[in-house]
Amino acid sequence: MRNRIYLLLAALLLCSIRLQAQTAGDQAKDYLAKLNKRQVNGIEVTFSSFTQGRATAEGIVRMPIPDPDEKNTITCALINPSTGKIIAYELAIERLPEPTKLKITIKPADYGSIEEINAVKEKELKLLEVLWPTKRGYALTSLPSPPEPIVINITDVIKIPLWVNAGTEWGVIGDQLRFAIAKEPPPEPAKDFTLDDVKFKLAGFRLIINGEVRSGESKDLDLDGGPLPSFFLPGKGFFLLSLRPREGLNFQKIGVAEGNKISFSYDGDKYEWVSREPIISQDGRWHIWVFFDPNAKPLPELVEISKLLSKGNCCVFYEYKLDDLPKPTPSKK
Amino acid sequence: MNHLEENSPDRNPKPADEVVEDREMNNLLGEWRPPDITSSLDQRVLTSYRRQFLHKPLWRRWLTGSISLPAPVAAAAALLLCATSYLAARKATSYTLEPAPAISAVKLVEVSVPVVQQKIVTRVVYKNIGAPKAKETPAPSSLPPRIDLADFRPVSDIKIIVSHGGNDEK
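So the protein lines, in turn, are chains C and A. If you read the first sequence in the numbering used here, its first letter stands for residue 1, the second for the next number, and so on. If you read the second sequence in the numbering used here, its first letter stands for residue 1001, the second for the next number, and so on.
So here's chain C without its partners, still in its complex pose:
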């Protein structure tokens, strides 16, 4: 089974990083800290750290990711930037006929084939180095033989020791897991459909400038689910695309979206953004509004990460959220 930890990781990290002054590593940590509550199989699992002896979990980065294929499994990767060691385990939660009982199975994460591990080394592990620099580089660590599955009460707390200091001062760092029946979120109130609800789908895309492919195709480069795709072109500036103009920003109606491609011309250059799939699900030719900012600059780490994720990548691609846009100031009368 192909393991998707690091592909998911890359996507997670890219989602987490915004064009802010905070370092990309800190942004990623903040983002990941919010993912410590995950739901699988109707159970909400809360991840936290535990220590014993002389130990601290400060600095350990945790990434719990529900497995998209296994409905009852969460893959949890832990990174120790001080040593560059990465530990990953799979947590499977089975619900038993007795509603208060859970069967918990913990096993080492499947890192995939040698080829896949090597591919990971070339890309995702270097991505980690960009975010959290380490002297020794990052390396995958295999966990020992898994423990036997256990049956617990849902109110029980389990601790999984993962790191040990066997030197002069003994200490253990690990994960602490709490369980609860997942509550159904309240249904969202109905609202009017607007252009902001139309999602651009840019999957495995290429950016072509004046007929030259400047950003190679990559499975990792996906912008999916937002109304404001953007890219930063070094030496030029920042382009933000929208289906409608936005108050307070000088959007120009200079682009067209049709099928798998968005195209527009700006300052004498022709830009073509080509996706593997139709960019807008509704068939047709649609006007695209383009906002250009020559002064905007992304974080340097973000530039490095983007280069890692796509061969010959020229640019930083980013899916803007509506909240990221500056709020329009009231006009003076």
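Honestly, I wouldn't trust all of these hints.
Unchecked claim - Cross-link-like lysine to aspartate or glutamate pairs, in silico, DMTMM-like; alpha carbons within 25 Å at most:
# : chain 1 : residue 1 : chain 2 : residue 2
1 : A       : Lys-1159  : C       : Glu-94
2 : C       : Lys-34    : C       : Glu-301
3 : C       : Lys-29    : A       : Asp-1148
4 : A       : Lys-1159  : C       : Glu-44
5 : C       : Lys-135   : A       : Glu-1024
6 : C       : Lys-107   : A       : Asp-1157
7 : C       : Lys-29    : C       : Asp-67
To be verified - Facing chain A, a subset of chain C residues (Cβ under 10 Å, in silico):
#  : residue
8  : Tyr-89
9  : Ile-104
10 : Ile-106
Since the hints were made in silico from the structure, they are not lab data. Every residue gets a Cβ at the ideal spot worked out from N, C-alpha and C, and that includes glycine.
Here the structure of chain C is known, so what remains is to put chain A in place on it, guided by the hints.
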């Protein structure tokens, strides 16, 4: 000569001739008639009384006046006075102890000197374990050494710990 005194019953027995003289005296006294009292006498006595007592200022009457009390009431009053005096004395004694905190405050100031000495001793301990410049370092004794995550390695054996209401089980 006062006849009344001489004839009072508690005097010593007299000889027989003296008893005869007394009897004669008594007879004389029995025959004596006092002069009539004029109506102005009562008035003069009353005026004199009022002048001497009733017209005294109130403060003088309080100072010079007297009140007769029955013996049990006086005794009770005396006991009450003793009791209240004792209590008052005790209270007064406790007040005299109140300056004690002030004395202890003075002691606190004096104690601060040994505290400084204790710090010096602590630094000497660091000196003994190979930190010759311990005196110059800013209070390392209060901070534990930093935990380095680089010392931590993956475990060789995973043993899940289950906590049932705070009790750990492996």
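ask   = Taking only the CA atoms, is the gap from Lys-29/C to Asp-67/C under or equal to 25 Å?
value = At roughly 21 Å apart (the allowed maximum being 25 Å), Asp-67/C and Lys-29/C satisfy the hint.
request  = Compare the distance between the alpha carbons of Lys-107/C and Asp-1157/A with 25 Å, and conclude whether the hinted pair is satisfied.
outcome  = holds, 12 Å
key: Distance restraint between Lys-34/C and Glu-301/C, which requires alpha-carbon spacing of 25 Å or less   = holds, 21 Å
inquiry  = Between the alpha carbons of Lys-29/C and Asp-1148/A, is the straight-line distance 25 Å or under?
reply    = holds, 19 Å
request  = Could you grab the alpha-carbon distance between Lys-135/C and Glu-1024/A and see if it respects the 25 Å cut-off?
outcome  = violated, 149 Å
ask   = Close enough to count: is the Cβ of Ile-104/C nearer than 10 Å to one in chain A?
value = holds, 8 Å
Closest C-beta approach of Tyr-89/C to chain A relative to 10 Å, hint status = holds, 8 Å
inquiry  = Check whether the Cα positions of Lys-1159/A and Glu-94/C lie no farther apart than 25 Å.
reply    = holds, 20 Å
ask   = Quick one, are Lys-1159/A and Glu-44/C close enough, alpha carbons at most 25 Å?
value = holds, 23 Å
inquiry  = Checking hints one by one. Is Ile-106/C an interface residue toward chain A, by the C-beta closer than 10 Å rule?
reply    = Holds: closest Cβ of chain A sits about 7 Å from Ile-106/C, inside 10 Å.
Hint compliance for this structure: hint 5 is the single one not met.
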